[in-house]
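Please build the complex by placing chain B on the supplied structure of chain A, with the hints as guidance.
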Amino acid sequence: DSGVTQTPKHLITATGQRVTLRCSPRSGDLSVYWYQQSLDQGLQFLIQYYNGEERAKGNILERFSAQQFPDLHSELNLSSLELGDSALYFCASSGPGLARQETQYFGPGTRLLVL
Amino acid sequence: GQSLEQPSEVTAVEGAIVQINCTYQTSGFYGLSWYQQHDGGAPTFLSYNALDGLEETGRFSSFLSRSDSYGYLLLQELQMKDSASYFCAVRGNLNFSSGSARQLTFGSGTQLTVLP
Chain A
1 DSGVTQTPKH
11 LITATGQRVT
21 LRCSPRSGDL
31 SVYWYQQSLD
41 QGLQFLIQYY
51 NGEERAKGNI
61 LERFSAQQFP
71 DLHSELNLSS
81 LELGDSALYF
91 CASSGPGLAR
101 QETQYFGPGT
111 RLLVL
Chain B
1 GQSLEQPSEV
11 TAVEGAIVQI
21 NCTYQTSGFY
31 GLSWYQQHDG
41 GAPTFLSYNA
51 LDGLEETGRF
61 SSFLSRSDSY
71 GYLLLQELQM
81 KDSASYFCAV
91 RGNLNFSSGS
101 ARQLTFGSGT
111 QLTVLP
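Protein chains in written order, with our numbering: chain A, 1 to 115; chain B, 1 to 116.
Hints are computed from structural coordinates only; laboratory data are not their basis.
Be aware that a few hints might be false.
[Said to hold, decoys possible] Only part of the chain B face toward chain A is listed, based on derived beta-carbon distances under 7 Å:
#, residue
1, 31
2, 42
3, 107
[Said to hold, decoys possible] Now the stretches of chain A that chain B is said to cover, found in silico as 3 or more residues with beta-carbon under 8 Å:
#, stretch
4, 13 to 23
5, 71 to 79
In this text, a Cβ means the ideal position worked out from N, Cα and C, and glycines have one as well.
So that you can see chain A by itself, here it is in the shape it has in the complex (with noise of 0.2 Å):
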């Protein structure tokens, strides 16, 4: 058990509807990651937030957005969603300082299947 927690576990939904994915890092951390993973592919990442503050974006799709909350909890919101949004998403955390990002402590991620 990494100390990262993520919910749901499993989501199934439809073409064009909006689901949003949440995020607790572990003790401590200060930042939190967002990873997808498709079907045999490596981690993309997504976005960095840092206590409370968008830090690094990756490639993420401008239907997708997040946030870090002042409790440091943070959330995806997918919108619009497409059958090529199915995937494995990740959460991680690290820290507590911006040094330590090599070593990311990752949550058991949330399945999402879209039909």
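Frame of chain A; chain B shown alone:
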């Protein structure tokens, strides 16, 4: 740009030693990490090399040669539970449409199968 190459599959028997290689191209290299991921599970951090040489953690060791842009993960005394995907990841300067960011780029992963 940034790219990593690692073999897609490796097979070995229990008790053996296996080496998973990773070559990379990146700008602003900060270090090479290794992660393990069991089927459908979360990636788990294994090791990190920022400087040349070998880092040992139990049955796992990781090596880095910055001049060769090359590293490897060495797994000794293989056990069935080591069957998983192994990803190398490089922390460097990535160029996104939104700008440059110092982030991890993961390789496509090596599927290790340990046979009895």
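Q. Checking against the hints above, which ones are violated?
A. Failing hints, ascending: 4, 5.
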